[in-house]
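Undergrad: Chain by chain, the residues run as shown.
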Amino acid sequence: MTFSLRSDATSPMRSTLHLQGRLDALTFGEFDEAAARELQHLEEGSTLVLDLSLLEYISSAGLRSVAKIRKTMRARNGYTLLLNPQPQVGKVFEIVKAVPVNEVFKSMDELDEYLDHIQRKMLGGGEEID
Amino acid sequence: MALRSIASKLALWVLLGTVTVLSVGGILLFQLVGHQILAQTHRESEALASDASNRIQERLDMVTNTDQVLAAIIGPRPVDAEPLLRDAISHNPDLSGLASAFVPGSAAALASGQSPFVSRTDDGSLTHRDLLKDPTPYWNASWFQAGLSCMNGCWQKPFYSQSRRRRLVSYSTAIVADGKAVGVLNADITLEWLQGILQDLDKPEGTNAFVVDQQGTFLANDTTELVGQHADAELLRTLNTHGAAAIRMLPSESNNADEPIWIYRAPIKGTNWQLGLTVPEAKIYAGVRHAFMATLIVGALALLILSLLMLVIIRRIITPLVVLTDRAEQVARGALDFALPATREHDEVGRLTHAFDRMRNELAMHIAELTRVAREQQRLASELEIAHQIQTALLPGPHYLDARCSNFELHAALQPARTVGGDLYTYFMLHDQRFCIMVGDVSDKGIPAALFMARAITLAKALAPRAQSPQQLLQLLNRELCRNNDGCMFVSLLCGFLDTVRGHLIMASAGHEPPVRWGREAPHLLQLETGPALGLDEEATYPAHRVRLQPGETLLMYTDGITEATNEALQLYGQERMLACLARYADTPDEDPVGGLVADVERFAAGYGQADDITVLALRWHHAGTERSASMLDITFAASMQDVFDTLERCDQTLEAAGIEDDVRDDVRLVLEELMVNMVQHGCLEQHQGNIGLHLTLADDAVLVELHHDGKPFDPLQSPPPALSGDCADAEELGGLGIHLVRAMASDLNYTHDEHGNHLQLRFVHANRPEQDHDLQPSQ
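Those protein sequence lines, which keep their order, are chains E and A. When the letters of the first sequence are read in order and numbered with full-length UniProt numbering, they come out as residues 1 to 130. When the letters of the second sequence are read in order and numbered with full-length UniProt numbering, they come out as residues 1 to 780.
Don't read these hints as lab results, they were simulated from the structure. Glycine is no exception: its CB is placed at the ideal position from the N, C-alpha and C atoms. Watch out, some of these pointers could steer you wrong.
[Said to hold, decoys possible] Label pairs and their in silico Cβ distance ranges:
{"#": "1", "chain 1": "A", "residue 1": "Gly726", "chain 2": "E", "residue 2": "Lys121", "range": "18 to 28 Å"}
{"#": "2", "chain 1": "E", "residue 1": "Thr2", "chain 2": "A", "residue 2": "Leu525", "range": "50 to 60 Å"}
{"#": "3", "chain 1": "A", "residue 1": "Leu401", "chain 2": "E", "residue 2": "Gly90", "range": "39 to 49 Å"}
{"#": "4", "chain 1": "E", "residue 1": "Thr2", "chain 2": "A", "residue 2": "Glu591", "range": "13 to 23 Å"}
{"#": "5", "chain 1": "E", "residue 1": "Pro12", "chain 2": "A", "residue 2": "His756", "range": "49 to 59 Å"}
{"#": "6", "chain 1": "A", "residue 1": "His756", "chain 2": "E", "residue 2": "Arg6", "range": "42 to 52 Å"}
{"#": "7", "chain 1": "A", "residue 1": "Gly726", "chain 2": "E", "residue 2": "Pro12", "range": "22 to 32 Å"}
{"#": "8", "chain 1": "E", "residue 1": "Glu44", "chain 2": "A", "residue 2": "Pro465", "range": "51 to 61 Å"}
{"#": "9", "chain 1": "A", "residue 1": "Leu401", "chain 2": "E", "residue 2": "Leu54", "range": "17 to 27 Å"}
{"#": "10", "chain 1": "E", "residue 1": "Arg76", "chain 2": "A", "residue 2": "Gly726", "range": "14 to 24 Å"}
{"#": "11", "chain 1": "A", "residue 1": "Asp730", "chain 2": "E", "residue 2": "Asp109", "range": "38 to 48 Å"}
{"#": "12", "chain 1": "A", "residue 1": "Glu661", "chain 2": "E", "residue 2": "Arg76", "range": "32 to 42 Å"}
{"#": "13", "chain 1": "E", "residue 1": "Glu44", "chain 2": "A", "residue 2": "Gly726", "range": "23 to 33 Å"}
{"#": "14", "chain 1": "E", "residue 1": "Leu54", "chain 2": "A", "residue 2": "Ile635", "range": "52 to 62 Å"}
[Said to hold, decoys possible] Anything over 12 Å on all C-beta distances counts as not near chain E; from chain A, calculated:
{"#": "15", "residue": "Phe30"}
{"#": "16", "residue": "Asp326"}
{"#": "17", "residue": "Gly738"}
Whole structure, please, built from the sequences with the hints as guidance.
TA: Laid out in structure tokens, this is it:
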């Protein structure tokens, strides 16, 4: 099995997809399906975390899948955050500038902090953060 | 020197000519005048002679008349004899004595009683004597006997009278009485007056007058010693000859004359005497000869003066010529800086001097110009020599052996027709085990071609690392060469990239001669589709041609200097001869075909000379074996997703086994996946799945990938870059990411398309490969 996906839905507002193996032209379909299933459970303004810690490899097909997810989440005013991409994957993301840099995180703590920040921002009436 | 000068020669020849003319004229004139002088002398001398003869005759006539009258008178009257004699003698001074001699015993003698003889003494007084009383009887004397017979008188012989001490001549007439001779009347005549007459003659100088009697005795002579002498026989014989009055007597005929003399004679009438004039011929001509001598001397002097004058004048005229001659000799020695004689005259010499001056100046200018040109040419030649060295330095060596694995060997030769030429060849290693070779020929020859060649070869070297294929290199080169190429120079070029591992050769030709290939087959031309020559059309593209060289095969590139070499018969060397020549090397792979071909061409064109630059480059593929840069994977598979990913897996494993770092491996995998998926999804032609060929090579510092697909042409390099906003979610339809990734990941990417489909060459640098010593790397 070159690719596997594990879903870790903690709440309707937040779900984490743990990607493992290779996301390429052969496996993106599988990922697309699983991701679509997962997205169904998420509400408006929720956050989807893609944990890339175990993703060894991504190709343009995988990128397109990720882009599709981001589009869907954006349509729902949600966030797609990337967690801990491996060097190869990070490089690919970098090359195609697939994701804003501030939505890629090295660790879960960083990500949590970011989410807290967003939450505070929303509660604080849309104050701009530095 | 003096005789060689024109002045001397002219003077001498003029002198000789004048002398000759004068001499001939003088001799002719001398002859003419001589004849006239001679004739005049004849006339004068004859007149003189006859005049003298007449005067003598008149004088003698008086004596002879007296004698005859006395004889006639005394005959009848002998008694009066003595007084008659005395009267007669006193009246005639020419008479020295008169004698009336009677025959003794005759009547007259008896009547007279004596034979009286009256003579004149020295003091002029007359004496008388009776001959009968002389001791010697006269009647027996010869004169008396001869006188008796002379009725009309006759001349006796001259004699010298002892008593009167003078020469006398007697005239005797017989005294006749009664018809019978009874005595003789004898008259003695002095001869001094005769001499006087002769001396009184108005004779020219040298003329000798004489009177000779019938016996040949001189009665008178200008030469007094000869008087009474006997004339010599020669003279007498001459005098006695008949004919002309003037006779020439030659010196050999005469004893006492040493030169020819002319004799004029006049007989004295009444006697047997003759009067003669002798004139030496020399005396006749003496005057004219003298005159001619004087003329000759004057003429000679005049000629001498004339010659000297001419010498001076000619020398004066030709002195500038002498100087000019000297100067001309100086010019011949190379000295041009000299003074010319000043001339104001406008004759030929003046014009010559001016012309010479102009010529000298022109010559000096020409020489200066020539020297300058020669220096210029020398400089140009040395510059050309340096240019030749520089051009040679632009070319790599004539022999190259693949040092790493002896997979191939290369021979090359370039012979410019002039010092520098427009042919070029070069070869150099590119990265990724690729080896670039090229042979080119710039239009035209000489310096422009050499400069263009330098430009082309330098550009080619500079552009080659950027080019992924020969056709691309040609395209880049073409674009560069088209720039500012107002002279429309162009270069035909055959370029090849050799895969030094497998012998794959990609070639592209820009209007160049087709290469020759042999080894497996006989030498044959490899007809390539070519593009236009470089430098003409900026938009030109160049088709690629792929060849896989088999071990032992050779590919030979050349320029038209080979095929268009011309022999004396104006035949071209041509491709047939070239192929025939190369066929000899087909079986001897170790020999250098380049040297052999060039030598053959040189032999062929020996009589005509090399007209064009000659360049040959031969590439021999040995395929010597295991190379350090190993071919790791070489597979062909159907263009399907499954096969693609199976291959990717294999690829990955292979690279991993080769110790390639993960990141490079991932890059390779990503790029290959993107490309191959693209091929499967978009590249397949209708009804044809197509095949994908993948070749993976490990080089020192890079992973080389070749990808072939017989599908639709698709150049990933030409696809536009995707719009990258920074968020993949921004794009409506996300396309072109894969290609973008490919371009970003691969260190090098090269695309070609030909009849076999798309060809991609990729290179991934892995500088951090752990094992630097490749020899220890176990072969795959």
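Undergrad: Between Glu661/A and Arg76/E, does the C-beta distance stay in 32 to 42 Å?
TA: 41 Å, holds
Undergrad: Find the nearest Cβ of chain E to the Cβ of Asp326/A and say whether that gap is larger than 12 Å.
TA: 96 Å, holds
Undergrad: Kindly confirm whether 18 to 28 Å is satisfied by the beta carbon distance between Gly726/A and Lys121/E.
TA: For Gly726/A and Lys121/E the Cβ distance comes to about 21 Å; the hint holds.
Undergrad: Please test the hint of 23 to 33 Å on the beta carbon pair from Glu44/E and Gly726/A.
TA: 24 Å, holds
Undergrad: Does 49 to 59 Å hold as the CB distance between Pro12/E and His756/A, or does it fail?
TA: The hint (49 to 59 Å, Cβ to Cβ) holds, given that Pro12/E and His756/A are roughly 57 Å apart.
Undergrad: Given a hint of 50 to 60 Å, does the C-beta separation of Thr2/E and Leu525/A actually sit inside it?
TA: Since Thr2/E and Leu525/A have Cβ atoms about 52 Å apart, the given range 50 to 60 Å holds.
Undergrad: Run the C-beta distances from Phe30/A to all of chain E and say if the shortest one exceeds 12 Å.
TA: Consistent with the label, Phe30/A stays out of reach of chain E, its closest Cβ about 140 Å off (over 12 Å).
Undergrad: Between Gly726/A and Pro12/E, does the beta-carbon spacing fit 22 to 32 Å?
TA: 29 Å, holds
Undergrad: 17 to 27 Å was suggested as the range; check whether the CB atoms of Leu401/A and Leu54/E agree with it.
TA: Once the Cβ atoms are compared, 52 Å apart, the range 17 to 27 Å for Leu54/E and Leu401/A is violated.
Undergrad: Take a look at whether the Cβ-Cβ distance between His756/A and Arg6/E falls inside 42 to 52 Å.
TA: 46 Å, holds
Undergrad: That 13 to 23 Å hint for Thr2/E and Glu591/A (C-beta), does it hold up?
TA: 57 Å, violated
Undergrad: State, for the Cβ atoms of Glu44/E and Pro465/A, whether the hinted interval 51 to 61 Å holds or is violated.
TA: With Cβ atoms ~56 Å apart, the hint holds.
When each numbered hint is compared with the structure, violations occur for hints 4, 9, 11, 14 and 17.
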